Amino acid sequence: MIRSARNRELLALIPVALLLSAGFAAVFAQENARLGKLSLVYGAYFLAVCLATHVYLRLRLPDADPYLFPLVALLTAFGLVMVYRIDEGLARDQANWFVLGLVLFALTIHFLRDYDVLERYRYTIAGVGLLLLLAPRLPGIGQQVNGAYLGVKIGPLAFQPAEFSKICIVVFLASYLRERREVLIVGARRVLGVTLPPLKHLGPLLVVWGASMFMLVFIRDLGSSLMFFAAFLALLYVATGRFSFVVIGMGLFLLGAWFFAATVPHVHDRVEIWLNPYNDPTASGYQILQSIFAQADGGLFGKGFGQALITIPGTHDALLPAAQTDTIYSLIVNELGLFGACGVILVYLLIAARGFKVALLADDGFSKLLATGLTAVFSIQAFVIIGGVTRVIPLTGVTLPFISYGGSSIVANFVLLALLLLISDRARREAAVPRGAFALEGT
Amino acid sequence: MNRQIVQLFGLIVVLFGVLIGFTSWWSVFDAKALKEKEANKRPLLEQQQIKRGRILAADGTVLARSVAKGSGANRRYVRRYPEGALYGHPIGYSFVRQGDSEFEKFHNDELVGEESEFGSILDQLRGRNQEGNDIVTNIEPEAQRAALGDLEAAGFGAVVAIEPSSGRVKVMASNPPYDPNRVPYELKKLNENELEAPLLDRATQGEFPPGSTFKVVTAAAGLDSGTITPETAIDAPGTLDVQGQPLQNDFNEDFGPITLDTALTNSVNTWFAQLGEQVGEETLFEYMDRFGFNATPAIDLPEDQVYPSGVYEEGKLLGPGDPIDIARVAIGQERLLVTPLQMAEVAAAVANGGKLMKPQIWSRVIDPDGRVVKSLDPAQYSQPIDEQTAVELTTAMEGVVSEGTGTNAAIPGVPVAGKTGTAETPGNEACGGGSEENQAWFIGFAPADEPKIAIAATVGCTTQFGNDVAAPIFRDVAETILDNEGS
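Residue numbers (the numbering used here), protein chains in the order written: chain A, 2 to 444; chain B, 10 to 496.
One chain only, chain B, in its complex shape (with noise of 0.2 Å):
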């Protein structure tokens, strides 16, 4: 019988080796697969067992912070936004059942102090539990809430504003705003809300017709071309036929020959259609790319919560050898949609000497012993236009603040360059569909001769016109970080 006994040996083995093959499999081999498995809740569970960082403000305001609940292995954390509703736009939220979003998601490796995988078993060798990093934002509290305050009184919209000369993004604001410490009990009463859209960031997700302010990437397109000289006078009729189609200017006003400056300063439609044809459509395309249009603006938020900006068709951007109508495009008509985020990296990009910087939300990251671990290296996207075109161009935007259309945005003492625009969109659904909806826009920098500030303020779902609406929250903002400035 003993040859037998070996042999049951033998299988005894063979079994338990199967079970080591079994283990290694689940434990090593598919661990990875494993833990991607969407039945799989550790990996958030665990998630939730590190104390993420905070997210400040520029001046220290602690925007966002995780509080211990319970102790023991029963510990976890659970965000909290001091704040509240001001900086839902653009800090987002964090939580394990409901996700994360916006500067939440995009920063959550430094947050939850993800390292590489040597330095985290350094950690754990030395008894440290993993601990987050603190991001300091680039964002003025006093800036944001003068910012969502007059949004909240206008109606729709959203408003960003940008150092120029670093692309430092210190307001964001969208409106109407959510509280994200709402969001783990009632996330799908906000998503369910379609006509208010909460939680959609419209400084980055908002498309909206742009107007009249599309006729500074025009003019900046005409004259770094070389199609035109701040010299040239070009006709401009009360009426002009496009593609079948009559052009007019406000009231039908016949301006005769005129020149870039008061073309842009009474928002000419005729002038500015004639212009968008003679640069052609591929040269302005080519402008609009280099402003950043037509791709994901280079900002610190997920890819698919920023909307590129440019003419769509459909869901679907257009380019040049597309059937467009570019003398419409030229003033902001057509099928033309941007964002606010957008228009502001135009005002930016005109305020620093024709240079774009990328626009970024974060500013430091702090580790938790207090150390700076990273800071912010202003970078530029592109050249879009040289300096002496941002020079005219400026001069012909200060007209517009001092004489023309955008005088609500003057700001005492200060020299503003700014464009108005107001699209007007009847029956625009985002507004429950009323007939007389505009998109009022003001965009601009401050102050003109040494720009501290690029801002982009619009207004949707009014009956009155950028220089009513828009300028005026382009002023307080503008002011507001210009005092900060100078004290």
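Bound conformation, chain A alone (with noise of 0.2 Å):
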């Protein structure tokens, strides 16, 4: 039975239903003088919605991946949970996107259901990708926040436009790389025992390259661009097998991180912090050094939802700056400890490993690479931050998929886990059909 996958679905989301109960009711247990009985109205609102995407997806995406939106509603959750538990009217804007989210996810499945048409677009796609990243930066509606552009203010329409490039850049680079892996691979020559590829199919990837660094320098999303470029040495191991054009990449971006943290002020200084935040705590090095702080005050266990300081009592002075946002991770180790961070870990690693299978059942080129792409770059994303927040690489502004406040970031991310399942419902269809019977059906 293949419409079991439904089914499937729909159990999962009982654990999902369980945890958001259990959080709204801890949350509101805890402040139960503050808040009044709408958060329980919040869970069941959330579960009505939850459904009826599931609902949506039986009739459009009936052999799409079942684990996929319940492991992303998990999250969901849980960090409406944690951004209720910081401000109650945060929650109710990320409400609100949550559920233009799921809107434009379902839009998504209406509209490319045949998702292939997104190749014949390609350079346009491309285009859009860059005009995007470079928005910031425009005159009029550019924003500039803690010395990054990172957003855009159009009339009352704010949003992060990278959040949504990431998702052009990786359909352009599947889409390019598609048709162009065999002459990567087969084109490649032996330099001094280098496996190079052939120089007239290096200028797509060099632009990519480029762009990286233009994000680094103009942009000053050191975060951004190193979750691109990642995503992009991805893809292109993948596409070609060739380690070495990883290896030639990677060699390529330190190169130019390191030339641009030597004469790039904002870029020099994310280092520096990232590597001597004692120096300046009170300043520079606080929002890095508080994260941290945060997470020995949670130790194994955590100290219990709304337990955790974020501001200093009696001020509102952060003691945990961009709580909400930033540094979210950080205060799920303060409140849920160690163990309740592995299992946020836990959920991204199990979307990965779906993301993954569905790239391994899909047939073609274009959708294993796509698949892949978009798995890589969403990992990537929840690995960029939660690594800046641990110090495992300098600290950035890059939100923490589906669980950072934020409406761009939670609305890009279900446009990606739209076209995944896209990609999902045909490849575990077409595995599960004979091609005969494919064929019949077809006619």
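It is worth saying that the hints were derived from the structure and are not from the lab.
On a predicted model such as this, the values are computed, not experimentally measured, just so you know.
Take these hints with a grain of salt, some might be off.
Claimed, not checked - Capping the alpha-carbon separation at 30 Å, the derived lysine-lysine pairs in DSSO-like fashion look like this:
id, chain 1, residue 1, chain 2, residue 2
1, B, Lys114, B, Lys197
2, A, Lys304, B, Lys197
3, B, Lys50, A, Lys304
4, B, Lys60, B, Lys46
5, A, Lys358, B, Lys46
6, B, Lys46, A, Lys304
7, B, Lys197, B, Lys44
8, B, Lys367, A, Lys304
Reconstruct the complex from the two isolated chains, following the hints.
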């Protein structure tokens, strides 16, 4: 029974419902005095929306991966509870974006059922992606946050274009590499014992490298830059199977990053804070140090929901700066401990596993590369921000997918999820139905 | 491409493993070190969220309590000291930014209700917030008030009153005082006031020359070591040449051969100087050690706020064998510096039949449910002299008050034993450098036949003598305590 996929999905939504109810109940019990019964209504509302999405998937993508949506719902529910615990008003925004995200999710599934059309417009899509990246530097609409150009504001609408741009870039790369992978492999030459890609096909790849460097310098977005380039290298490796390409790419990136770290003050500062946070513990090093102190405060089991300090009591000064966005993971460690944090990382790992499974099952090159790219960019985004707040890499302003507060992130990642499910639905149907039968069905 | 996809997934697994590794490091393995970092204010902020226990006087007067500010997650507690400057010493203060001191600091764990790791986990499971214990002290408000009032009228100084049989500290006053409620606003100012030094607890940190009060220690060593008996007569001329310098009695008075009673009653310098030489450096130091000199007193205050008494050379304690003029040490001169607490312990040991009890400010620890968790079990510090010596010494000290240099300490109807002291400290920097500054002392206990209280009172930067300024303070404080005992 192929349709059992949706039944499994429904079943998997049950623990999400339990977690959500328990989470809201915990926050509710903790801050009973401050919050009304409304919190419980939010929980019911969330579940209703999830069920509606499930019914929609049943109708439109009956064979798609059964676990991806429940896993994402789990993260979203968890994120909502965390944001709710920080600020009721922010949680309301977040809930609205969640609904908007699901609307775009449904629209993507509706209009891109035949997602192969994306290949036809790949240069347009690449152009849009680059334009989105550039937008924050455009006068009038660009916005600077903490020295980085991350946001765009058009009238009342503000968003972070990098979140959407990453999908465009992945679509372009998947399509481009699907077409050129053969020549990249065959045309490769060994120079001084190193396998180099053929020069004439190198152009577009250098463009990607250039785009990453461009982001580093002009957008000053170290995190997105790292995320994009890592996703690019991942795709390049999967497409060509040439490890040497990855090494060359990494070398180029490190060379560029090193050069800019030495010459661009913003990038240099980020690296400096990462290496020596105690040099200026009350100003530049404050965020990363407080992030780590919050984790130390959490220990093995954490302090419990709603128990951690976010602001200095009696003031509005942040003890954990950007707790709802950048450092939300530190807050999770603080309140739920190492065990809770491991749970969150495990969910990301499961999503990655399901995403790569979609890629493995997919039949054609484009689907494979697209699923791989989307999964890779998603996983790396989680790594970049969690790695940032745990001092594995320099801290940069990237959101924790589906958990951090932020509309662009939620909406863009739901579009990403829609694409993955679209690929999955086709792949699993083709895998389950013998080719002959498929042909008959097609006629 | 599938092989590469699997490899890529493997890489993601490794990367996420690194994240778990780092999270484990910060949250568990390195957590203790991180909590101790200067930049980490969390432990302080969290302590601020605990309702610290109250500190009470012996009669239940609240000396320190915590007041809630804000609500919910913003709730925090701030320390209040309802009695203001009266108990600034020895209670001290406790504030998040300014830190803590004295009694508040020493008893911090009990006041915040710090228990074993296991106990606090149980509390967490029961959903109980950590709450501090109350501590009842031995301080008697009326006597404390009398002591500080008298000191404020007399000058810079301190009073320490100890119950000889138990070591309970009933009064510990230091002048000038400070109001702990002002610490959050003017700690810097208080610290910079070097002349008045209000944050200095002169009772435990004031290092003063003891003058003739030290003759009690010399007499104790002489009697207890068998060097003399109460009948031993020593010739006491008006002037004695000691180490090339003349050592004189007051008005150069020549007493001839006299015994201990007469010598102590009249505080005869040449008599005690000779006794000191007879007892010898080694033995005198041994008796000093037994009385608690040359060590940090075993009181419940932070070690860095209680100074040892002894012979000092540039901030370092000297011992037997160092070049010391023992004859002058015997009469409380030389480089001998003592704290009022130490001299109160000397009086208390003599009063308690030669047994020195550990001085303690705290009496009971009471948990938030009202149960007494701990109560003071009086402990002996040492027995510097035997009971016979104590009796003989008491007789001599009674003479001082009844007919000698300390008559102003006499309480009608109550036998009092004591000893005056007046150390000349011309040009004392602590006084601003006047030319006729004295350090006036009185140590003693009452009633002499059944001692209830032993007291050391000292006033510095005065032109007066021990009997004029210190003995009346002794009498006032002793009377207040004895009146309370009687009622």
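Hints versus structure:
For the hint pairing Lys114/B with Lys197/B, the CA-to-CA distance comes to about 19 Å; that is within 30 Å, so the pair holds. Simply put, Lys304/A and Lys197/B have alpha-carbon atoms about 36 Å apart, too far for the 30 Å limit, and the pair is violated. Restraint check for Lys50/B and Lys304/A: the C-alpha separation of about 17 Å stays at or below 30 Å, so the hint holds. Straight-line distance between C-alpha atoms of Lys60/B and Lys46/B comes to about 24 Å, which keeps the hinted pair within the 30 Å bound.
For the given pair, Lys358/A sits about 45 Å from Lys46/B by alpha-carbon distance, which is inconsistent with the 30 Å threshold. Taken as a hint, the Lys46/B and Lys304/A pair is honoured in the structure, with Cα atoms around 20 Å apart against an allowance of 30 Å. For the given pair, Lys197/B sits about 27 Å from Lys44/B by alpha-carbon distance, which is consistent with the 30 Å threshold. For the hint linking Lys367/B to Lys304/A, the alpha-carbon distance of about 42 Å lies beyond 30 Å, and the restraint is violated.
In summary, the structure is inconsistent with hints 2, 5 and 8 from the numbered list given earlier, while agreeing with the others.
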